[in-house]
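Chain residues, written in single-letter form:
2 protein chains.
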Amino acid sequence: MDRSAEFRRWKAQCLSRADLSRKGSVDEDVVELVQLLNGREQYFTTSSCAGRILLLDGGINGFEVQKQNCCWLLVTHKPCVKDDVMPALRKATGDAILKFEPLILHVQCRELQDAQILHSVAIDSGFRNSGITVGKRGKTMLAIRSTHGLEVPLSHKGKLMVTEEYIDFLLQIANQKMEENKKRIERFYNCLQHALEKETVTNSYPKKKIKDKNNSSYTRKKKRNPEAAHDKCITEENDEDCENDDDPGISITIFPEDY
Amino acid sequence: MDRSAEFRRWKAQCLSRADLSRKGSVDEDVVELVQLLNGREQYFTTSSCAGRILLLDGGINGFEVQKQNCCWLLVTHKPCVKDDVMPALRKATGDAILKFEPLILHVQCRELQDAQILHSVAIDSGFRNSGITVGKRGKTMLAIRSTHGLEVPLSHKGKLMVTEEYIDFLLQIANQKMEENKKRIERFYNCLQHALEKETVTNSYPKKKIKDKNNSSYTRKKKRNPEAAHDKCITEENDEDCENDDDPGISITIFPEDY
Numbered sequence: 001m002d003r004s005a006e007f008r009r010w011k012a013q014c015l016s017r018a019d020l021s022r023k024g025s026v027d028e029d030v031v032e033l034v035q036l037l038n039g040r041e042q043y044f045t046t047s048s049c050a051g052r053i054l055l056l057d058g059g060i061n062g063f064e065v066q067k068q069n070c071c072w073l074l075v076t077h078k079p080c081v082k083d084d085v086m087p088a089l090r091k092a093t094g095d096a097i098l099k100f101e102p103l104i105l106h107v108q109c110r111e112l113q114d115a116q117i118l119h120s121v122a123i124d125s126g127f128r129n130s131g132i133t134v135g136k137r138g139k140t141m142l143a144i145r146s147t148h149g150l151e152v153p154l155s156h157k158g159k160l161m162v163t164e165e166y167i168d169f170l171l172q173i174a175n176q177k178m179e180e181n182k183k184r185i186e187r188f189y190n191c192l193q194h195a196l197e198k199e200t201v202t203n204s205y206p207k208k209k210i211k212d213k214n215n216s217s218y219t220r221k222k223k224r225n226p227e228a229a230h231d232k233c234i235t236e237e238n239d240e241d242c243e244n245d246d247d248p249g250i251s252i253t254i255f256p257e258d259y
Numbered sequence: 001m002d003r004s005a006e007f008r009r010w011k012a013q014c015l016s017r018a019d020l021s022r023k024g025s026v027d028e029d030v031v032e033l034v035q036l037l038n039g040r041e042q043y044f045t046t047s048s049c050a051g052r053i054l055l056l057d058g059g060i061n062g063f064e065v066q067k068q069n070c071c072w073l074l075v076t077h078k079p080c081v082k083d084d085v086m087p088a089l090r091k092a093t094g095d096a097i098l099k100f101e102p103l104i105l106h107v108q109c110r111e112l113q114d115a116q117i118l119h120s121v122a123i124d125s126g127f128r129n130s131g132i133t134v135g136k137r138g139k140t141m142l143a144i145r146s147t148h149g150l151e152v153p154l155s156h157k158g159k160l161m162v163t164e165e166y167i168d169f170l171l172q173i174a175n176q177k178m179e180e181n182k183k184r185i186e187r188f189y190n191c192l193q194h195a196l197e198k199e200t201v202t203n204s205y206p207k208k209k210i211k212d213k214n215n216s217s218y219t220r221k222k223k224r225n226p227e228a229a230h231d232k233c234i235t236e237e238n239d240e241d242c243e244n245d246d247d248p249g250i251s252i253t254i255f256p257e258d259y
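If you're matching them up, the sequences are chains Y and P in order.
Take the first sequence: its letter number 116 is residue 116 in UniProt numbering, and every next letter is one higher.
Take the second sequence: its letter number 66 is residue 66 in UniProt numbering, and every next letter is one higher.
Treat the hints with care, as some may be off.
To be verified - Some chain Y residues judged to face chain P by a derived CB distance under 8 Å, without partners named:
(1) Gln116
(2) Arg145
(3) Pro153
Said to hold, decoys possible - Derived lysine-lysine pairs resembling DSBU-like cross-links, with alpha carbons at most 35 Å apart:
(4) P:Lys157 to Y:Lys157
(5) Y:Lys157 to P:Lys82
(6) Y:Lys11 to P:Lys136
(7) Y:Lys82 to P:Lys99
(8) P:Lys139 to Y:Lys11
(9) Y:Lys159 to P:Lys78
(10) P:Lys183 to Y:Lys139
(11) P:Lys23 to P:Lys78
(12) Y:Lys99 to P:Lys159
(13) Y:Lys157 to P:Lys99
(14) P:Lys99 to Y:Lys99
(15) P:Lys99 to Y:Lys78
(16) P:Lys183 to Y:Lys159
(17) P:Lys91 to Y:Lys99
(18) P:Lys183 to Y:Lys99
(19) Y:Lys82 to P:Lys159
(20) P:Lys182 to Y:Lys157
(21) P:Lys157 to Y:Lys82
(22) Y:Lys136 to P:Lys183
(23) P:Lys78 to Y:Lys99
Because the hints were derived from the structure by calculation, they are not lab data.
As the structure is a prediction and not an experimental result, all values here were calculated from the model.
All C-beta atoms in this analysis are idealised placements derived from N, C-alpha and C, irrespective of residue type, glycine included.
Using the sequences and the hints, build the whole thing.
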């Protein structure tokens, strides 16, 4: 079976299976994006979380919370206030941690080239920790991730280590991050639609394909700040995928533009 | 010029340039790893940070700290205590945030296959947010990242929002994370050395190359917990690169093993 037929077969099987997540359905804020991707022959999503605020009760001995072993005191995909969190937090017996986790989306891609296009759109939309995985038999997956989290220890051995005023302050920040995450998802959706339209046009003129690839979907401006890009789909130079530009604290070497 | 010669040329240029980081040198905890990679013809590192505790003073209006615009009150690659942090924290006039950032390493790879091997080793060593970027002209970069961070808002408009006791508690956690990060770097170094040795043996017998690729470096056991792997270089099935296994809260579809 050729790769393309194999991909179609796996896509069909994958999408026909039951949703095995705890929630059992795709998060509301990411439904449209998931549908857009699954509606294209070159992609299908294998896991998604739109973004959430989590309150976890970790073991007191292990400093790193293993999500599968710890108690989930609260999970919400919507903004929340102190009165949502405090009752849950009072149930903690170990080391409770509040986390904001932005969008995580795993997309299987037919070809490396399909993953490259999607990766480029993800980076441009602010999901800078995205990356491709290529399996031993060529299975190509893009993980879409943001840098945009929050992880705050709140209690130790069941004892609250912060004030309620701090919880209030913290939730305002978490809610703002959730709002920003939602904007990035919308930006991603818009930019992806734009890129896929270009792809479709390109594929209608196969002779021009390579030329168009270099001059349209892949044309980038050296502009890294996703905040400045908004919904304009300004594509960026993401070849380096480095924290370089932001961060003079990292030991770096700069590449010339033309590599 | 063929790809291989082009890669060599860029590697030479890149490594001969001055270190443009704020610190101006490679972090001590990652020097050996960087040397190991740069000593191999198929890799070179373009940026690195071994892991650090950061205290940033962000603007009070923007909730997301832009590292290049904000004030760095403290940066350390070593464990620290309350008395290191408090004097720096008192200088905050905006919204100060304490972060622990684990290893970040960007490695340019000659071929996709070289990136796949390194990616596999990174995942197996606990750097689960690692991912490949393939540029428009085929430039292949692996970003090695961990899930293993901390981001804690501490003050608002210069006012400290937590107690000194909490700072003490928080730094214990940050220091533990730094210690665990160091272990992962060591594990990564050992596993990489092991994988590269196998590669060398494989390349000495070119006829067996493909067979060996499938049966040695790429042989994996379905074992995801990096804590359990220690330095044993148990390789894992990382094709999926999903948070699936850990996290029943994410909407997922599971792949069969043989894809």
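Numbers of the earlier hints that this structure fails to satisfy, in rising order: Failing hints: none at all.
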